[in-house]
Amino acid sequence: MTYIGDVGALARKDLLLELRAKETLPSMLLFVISALTIFHFALPAGTSDVAARGLLWSALVFTALLGLTRAFVAEREQGMFDALILTPCDRSAIWLAKSIAVLAFLAAAEVVALPAFAAFFHGLNGRTVAAVALADLGIVAVGTLFGAMAVAGRARELLLPLLFLPAAIPIVVGGVGGYLWFLVLYDAIFAVFAWGTFEYVVAEAA
Amino acid sequence: MIRVHGLGKRFDDRRVFAGVDLDLADGLLLVTGPNGSGKTTLLRVLARLAAPSAGTLELPPRERIGYLGHSPNVYRELTALENLTLFARLYRVERERVGMLLERFGLWEVRNERVSTFSRGMQQRLGLCRALLHDPSLLVLDEPTNALDVQGLELLDAVLDEPRLHVVATHDATRFDARATERLVFA
Numbered sequence: 008m009t010y011i012g013d014v015g016a017l018a019r020k021d022l023l024l025e026l027r028a029k030e031t032l033p034s035m036l037l038f039v040i041s042a043l044t045i046f047h048f049a050l051p052a053g054t055s056d057v058a059a060r061g062l063l064w065s066a067l068v069f070t071a072l073l074g075l076t077r078a079f080v081a082e083r084e085q086g087m088f089d090a091l092i093l094t095p096c097d098r099s100a101i102w103l104a105k106s107i108a109v110l111a112f113l114a115a116a117e118v119v120a121l122p123a124f125a126a127f128f129h130g131l132n133g134r135t136v137a138a139v140a141l142a143d144l145g146i147v148a149v150g151t152l153f154g155a156m157a158v159a160g161r162a163r164e165l166l167l168p169l170l171f172l173p174a175a176i177p178i179v180v181g182g183v184g185g186y187l188w189f190l191v192l193y194d195a196i197f198a199v200f201a202w203g204t205f206e207y208v209v210a211e212a213a
Numbered sequence: 000m001i002r003v004h005g006l007g008k009r010f011d012d013r014r015v016f017a018g019v020d021l022d023l024a025d026g027l028l029l030v031t032g033p034n035g036s037g038k039t040t041l042l043r044v045l046a047r048l049a050a051p052s053a054g055t056l057e058l059p060p061r062e063r064i065g066y067l068g069h070s071p072n073v074y075r076e077l078t079a080l081e082n083l084t085l086f087a088r089l090y091r092v093e094r095e096r097v098g099m100l101l102e103r104f105g106l107w108e109v110r111n112e113r114v115s116t117f118s119r120g121m122q123q124r125l126g127l128c129r130a131l132l133h134d135p136s137l138l139v140l141d142e143p144t145n146a147l148d149v150q151g152l153e154l155l156d157a158v159l160d161e162p163r164l165h166v167v168a169t170h171d172a173t174r175f176d177a178r179a180t181e182r183l184v185f186a
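Protein chains in written order, with my numbering: chain D, 8 to 213; chain F, 0 to 186.
There could be a bad hint or two in this list.
Below, computed lysine to aspartate or glutamate pairings styled on EDC-like, alpha-carbon distance capped at 20 Å [what the hints assert, rightly or not]:
id : chain 1 : residue 1 : chain 2 : residue 2
1  : D       : K29       : F       : E112
2  : D       : K29       : F       : E95
3  : D       : K29       : D       : E84
4  : D       : K29       : F       : E108
Just so you know, these hints were derived from the structure itself, not from any lab.
I would like the entire structure built from these sequences, with the hints used as guidance.
Here you go:
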């Protein structure tokens with residue numbers, strides 16, 4: 008219960024920070040709607056479903072990247088890793104809480120993006136919505152870990168895309184193809200990996 | 000308690016410090032030296048925030064260490080109360096202590112205001128509250144007089160009079176000279 012309480016307190020903190028700063032979610036929304044609008048006018052009429060879905064997944068991955076880039080800004084700029092890692096809370100709780108917050112921002116962006124995609128292109132089916140939901144879990148699991156690693160690095164703005172985008176390729180492949188079991192497997196592997204390794208990453212980031 | 004022998008730290012090819020020996024149970028270790036001499040790096044090693052490159056260490060566990068770095072280490076978009084309540088939760092400290100510390104450091108009246116609206120001195124006081132929240136046995140302070148006014152400096156003096164081991168890095172050595180029980184001068 009202590010672990011869950013810590014995760015709850017840390018996630019609440021991240022959501023409060025965004026609610027007040029209003030920096031991450033508006034930029035994610037603006038980006039995803041702009042990208043889908045550009046794709047709508049750039050693609051010729053009669054474009055296949057697969058091509059349209061590919062563009063949706065590209066837009067979602069880069070929208071997530073935008074959110075992940077901002078995920079640890081408060082910790083980096085205000086020296087909060089120092090304060091957090093001295094507490095007796097399990098360090099993986101920091102990762103889990105941050106993942107929950109990023110997932111909330113991504114889901115909020117998708118609540119707007121998916122209906123926009125349905126309106127601009129060929130509608131949406133349940134399989135695509137399920138794939139997006141499953142992909143979100145993998146994106147935030149691996150992206151939050153890499154986000155913390157990037158905080159520790161020198162070229163942090165470069166490091167996150169360099170780490171995250173190759174790792175997101177399987178998500179896009181699974182998402183475009185609608186391979187739900189593949190996405191479940193990806194989520195499970197990377198969630199366990201990130202949960203288990205975050206302790207070592209955050210020690211370097213402090 | 001701090002017991003270190005032959006402590007050293009390098010960043011790649013650059014030696015930051017080497018051969019530091021300390022055996023301290025309580026009192027105040029005053030660390031002085033010019034900018035870039037390694038004071039902050041030593042403090043981070045003693046606070047278990049950085050690993051040494053050489054030497055042996057015996058330090059309190061992380062949860063018994065209080066640390067205040069160059070910045071106050073508080074969330075600017077949270078209120079003073081929200082910051083301390085979060086850390087009270089993470090340190091398993093009763094919430095009553097949050098109110099007690101806010102009162103003591105003159106922040107009770109502004110407890111519901113965001114830290115971003117605070118002066119630098121008020122932020123430093125809040126940082127001290129956070130570092131003291133769990134009643135640490137080792138308190139590590141990096142330039143703690145930063146931006147503190149007269150009242151803030153008196154509060155800091157009162158903290159340093161409390162029975163625990165303090166490690167302070169500063170340019171203003173004269174302020175702490177009388178209290179220092181050990182001195183480490185970096186060239």
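Go through the numbered hints given earlier and state which of them the structure violates, listing their numbers in rising order. 2 and 4
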